[in-house]
Amino acid sequence: MKCGGSLRERAVLPDCLKLRENRPNIFRRSEICGNQNYKGPNAFHKHFSEWRHSNGMRCLGIPSPFC
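According to the working numbering, the sequence shown is numbered sequentially starting from 16.
The reader is advised that the hints may include incorrect statements.
[As the list claims (entries may be wrong)] Label-pair restraints from in silico Cβ distances: (1) G76 <-> N50: 27 to 33 Å; (2) I41 <-> R67: 18 to 24 Å; (3) F42 <-> W66: 19 to 25 Å; (4) C74 <-> N40: 16 to 22 Å; (5) P39 <-> L75: 25 to 31 Å; (6) I41 <-> P78: 26 to 32 Å; (7) G76 <-> G55: 27 to 33 Å; (8) G49 <-> P78: 28 to 34 Å; (9) C74 <-> P39: 26 to 32 Å.
Because the hints were derived from the structure by calculation, they are not lab data. Since the structure is predicted, the reported quantities are computational estimates derived from the model, not experimental observations. Ideal Cβ placement from N, Cα and C applies to all residues, glycine included.
Could you build the full structure based on these sequences and the hints that come with them?
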């Protein structure tokens with residue numbers, strides 16, 4: 016197989032976790048955080064440890080390691 020891994024492994028990952036590219040001017044939206052926009056992949060990945068994301072996860076009843 017080309018490009019690391021089987022087709023099933025690549026299909027299982029959501030697009031938000033495949034943000035390995037350095038595209039700083041792209042906005043990402045988090046539905047859990049009330050459709051908050053984050054500019055660039057670094058800000059998007061960093062928001063997972065913020066209170067807004069933890070609170071959204073708690074309200075949905077999803078266990079979060081940061082709660």
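For each hint, the structure was consulted:
Distance hint check for G76 and N50: the Cβ-Cβ separation is about 19 Å, which falls outside the suggested range of 27 to 33 Å. For the hinted restraint 18 to 24 Å between I41 and R67, the CB-CB distance of approximately 20 Å keeps it satisfied. Distance hint check for F42 and W66: the Cβ-Cβ separation is about 21 Å, which falls inside the suggested range of 19 to 25 Å. In this structure the supplied range 16 to 22 Å is violated for C74 paired with N40, their Cβ-Cβ distance being about 31 Å.
Judged by the Cβ atoms, the range 25 to 31 Å given for P39 and L75 holds: they are separated by roughly 29 Å. Taken as a hint, the range 26 to 32 Å holds for the pair I41 and P78, whose Cβ atoms sit roughly 29 Å apart. Look at G76 against G55: about 30 Å separates their beta carbons, and that is inside 27 to 33 Å. Range check, G49 to P78: Cβ separation about 20 Å, and the 28 to 34 Å hint is violated.
Roughly 30 Å separates the CB atoms of C74 and P39, a value that falls within the hinted 26 to 32 Å.
Of the numbered hints stated above, those contradicted by the structure are hints 1, 4, 8, listed in ascending order.
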